[in-house]
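Residue strings, one per chain:
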Amino acid sequence: MINAIGIWIAALLTLAIYSFLYKDNPFYKIAENIFVGVSAGYWAVVLWYDFAWPNLFEPFFTKGQWYNIFPIFIGLLMFAPLIPKISWMIRIPLTFTMGVAMAVSITQIVQGDIFPQLQATFLPLKGIPVFNVISNILIIGGVIFTLTYFYFSKEHKGALGIGAKIGIWFMMISFGASFGYTIMARVSLFIGRIYFLLHNWLGVI
Amino acid sequence: MKIFDHLAHLDRRIIFLLVALAVIIPMVAPLNLPVDITKPVKNVYNKVESLPPGSIVLISTDYDPGSEAELYPATEAFIEHCFRKDLKIYMMGLWPAGSELGNIALNKIAQSYNKRYGEDYINVGYRPGGAVMLLSLGRNFSDVIKVDYQGTPIDSLPLGRRVKSAKDLSMVMTFSAGDPGILHWILYFHARYGVTICGATTAIMAPQQYPYLSSGQLTGLLGGLKGAAEYETLVDRKGRGLRGMDSQSIVHLLLVGFIVLGNVILLYQRRKK
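Those protein sequences? They're chains S and X, same order as listed.
In terms of the numbering used here, the first sequence opens at residue 1 and continues consecutively.
In terms of the numbering used here, the second sequence opens at residue 1 and continues consecutively.
Think of the hints as simulated: they come from the structure by calculation, not from any bench.
Please note: incorrect hints may appear among the correct ones.
Said to hold, decoys possible - Cut-off 30 Å, straight-line C-alpha distance, at most; resulting in silico cross-link-like pairs (DSSO-like, lysine-lysine):
#1 X:Lys39 / X:Lys2
#2 X:Lys39 / X:Lys146
#3 X:Lys108 / X:Lys238
#4 X:Lys42 / X:Lys146
#5 X:Lys2 / X:Lys47
#6 X:Lys2 / X:Lys272
#7 X:Lys273 / X:Lys2
#8 X:Lys2 / S:Lys23
#9 S:Lys63 / X:Lys47
#10 X:Lys2 / X:Lys85
#11 X:Lys115 / X:Lys164
#12 X:Lys115 / X:Lys238
#13 S:Lys63 / X:Lys146
#14 X:Lys39 / S:Lys126
#15 X:Lys167 / S:Lys126
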């Protein structure tokens with residue numbers, strides 16, 4: 001019974017959202033506001049019960065991890081701008097957050113992203129089938145010409161200008177592929193909703 | 001020509017209606033159009049096929065209901081393949097709702113294969129913390145995971161006891177809709193611990209993953225609903241992916257038609273001026 005009520009609510013909200021395609025209307029606005037409210041409420045609960053409470057407050061209150069007072073204090077400083085006199089103190093948690101993020105990501109991005117990607121560009125052009133030679137030339141050329149476009153220390157004239165223009169073509173093809181995939185994704189989401197309406201709600205398929 | 005002038009001012013709601021019909025009609029009356037299998041999808045399939053029975057596969061459901069339409073069919077198909085090959089599934093999620101969605105698929109398919117919770121599969125639920133959490137997880141699972149999604153101590157479950165670090169995993173399969181997601185698994189699990197990473201992503205994210213496929217950092221990829229349909233074809237499972245592909249193909253044809261028509265009208269109007 002509860003499941004059926006849930007399906008009906010979801011179906012009616014889906015129709016309310018899609019009604020915007022006809023024109024703006026109160027049903028759409030109601031569904032939109034419910035969505036925003038539920039999302040905010042959901043995230044507040046998740047952040048508290050899955051993040052803040054088990055990792056920070058529970059060890060502090062129940063397991064006697066007194067040193068958790070430091071992250072709690074630094075976290076509270078995020079609200080410092082609400083009190084103009086101490087608003088400058090927000091720099092402490094922000095600096096801390098930035099520092100940790102950098103420390104965690106820089107090494108790994110160099111080791112796991114930049115070097116392997118650079119290595120993957122050094123491709124063989126001899127001793128492999130013709131199709132692979134063409135493919136490798138396209139990858140190597142694509143990388144070099146695209147980087148040429150982003151070289152701004154010299155005016156894009158002569159050979160540099162030609163290279164930059166070829167780079168634009170590579171980027172346009174890349175953007176085109178991304179755009180095609182984006183359309184496919186949007187259509188897939190619509191298919192998902194229609195499947196829900198026809199299968200779960202109406203039961204016709 | 002009058003028809004071009006008329007089409008140039010066509011009410012966009014008619015286009016919406018046509019797209020809706022192009023989705024609904026093939027869904028009600030399936031055309032069963034063929035689905036080609038691409039290499040990245042075949043690679044995921046081959047990787048699973050190559051694993052000996054009893055190997056542990058970590059499935060990370062890093063998505064939410066917003067991308068459920070694209071990633072849930074792939075989740076079901078992949079879980080079915082793993083259980084068919086008698087692999088052990090260790091499920092977790094970097095997104096809170098993803099963990100729940102993964103659980104629905106896991107429990108549903110585990111029942112049909114008579115798999116036992118704790119021995120053949122477990123779900124440790126949502127794990128917050130992104131990069132920092134993954135770094136700790138790969139080194140020592142017990143630093144991060146002490147209980148499963150129901151609060152059962154992880155050491156009381158046979159499968160939970162088997163996974164101590166990233167080295168105990170045969171592969172990671174991430175169903176990823178953004179950040180944290182597939183890139184984090186590549187950066188923090190493949191680069192550091194050398195674990196094989198396969199992924200299923202939303203179609204929007206798929207083109208960004210191709211450089212990682214080329215470099216070998218990503219072994220295989222299911223891109224969007226199409227990837228799910230391909231995987232369903234490989235594992236011989238008629239699911240939502242394959243069902244949706246008829247609609248997908250018809251809508252794409254319709255959109256290509258609209259683009260061509262729009263350009264013809266544009267050229268006609270320019271010539272007229």
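Results for each hint:
Taking the CA atoms of X:Lys39 and X:Lys2, the gap is near 48 Å; set against the 30 Å cutoff, the hint is violated. Of the pairs offered as hints, the one joining X:Lys39 and X:Lys146 is violated, with about 38 Å between alpha carbons and a cut-off of 30 Å exceeded. Of the supplied pair hints, the one linking X:Lys108 and X:Lys238 holds, its CA atoms being roughly 15 Å apart against a limit of 30 Å. A C-alpha spacing of about 35 Å is found between X:Lys42 and X:Lys146, which places the hinted pair above 30 Å, so the restraint is violated.
Between X:Lys2 and X:Lys47, the direct Cα distance comes to roughly 58 Å. Violation of the 30 Å bound is thereby established for this hinted pair. A C-alpha spacing of about 12 Å is found between X:Lys2 and X:Lys272, which places the hinted pair at or below 30 Å, so the restraint holds. Among the hinted pairs, X:Lys273 with X:Lys2 is consistent with the structure: their alpha-carbon atoms are about 15 Å apart, no more than 30 Å. Distance hint between X:Lys2 and S:Lys23 is fulfilled; the C-alpha atoms sit about 28 Å from each other, no more than 30 Å.
Restraint check: the Cα-Cα separation between S:Lys63 and X:Lys47 comes to about 44 Å, which exceeds 30 Å; the hinted pair is violated. Using a Cα cut-off of 30 Å, the hinted pair X:Lys2 and X:Lys85 is violated, with the two alpha carbons roughly 62 Å apart. A hinted pair counts as satisfied when its Cα atoms are at most 30 Å apart, and X:Lys115 with X:Lys164 qualifies at roughly 22 Å. Restraint check for X:Lys115 and X:Lys238: the C-alpha separation of about 21 Å stays at or below 30 Å, so the hint holds.
Proximity of S:Lys63 to X:Lys146 is assessed by CA-CA distance (about 15 Å); at most 30 Å being required, the pair is judged to hold. Restraint check: the Cα-Cα separation between X:Lys39 and S:Lys126 comes to about 24 Å, which is no more than 30 Å; the hinted pair holds. A distance of roughly 37 Å separates the Cα atoms of X:Lys167 and S:Lys126; the hinted pair therefore is violated under the 30 Å criterion.
Checked against the numbered hints above, the structure breaks hints 1, 2, 4, 5, 9, 10 and 15 and satisfies the rest.
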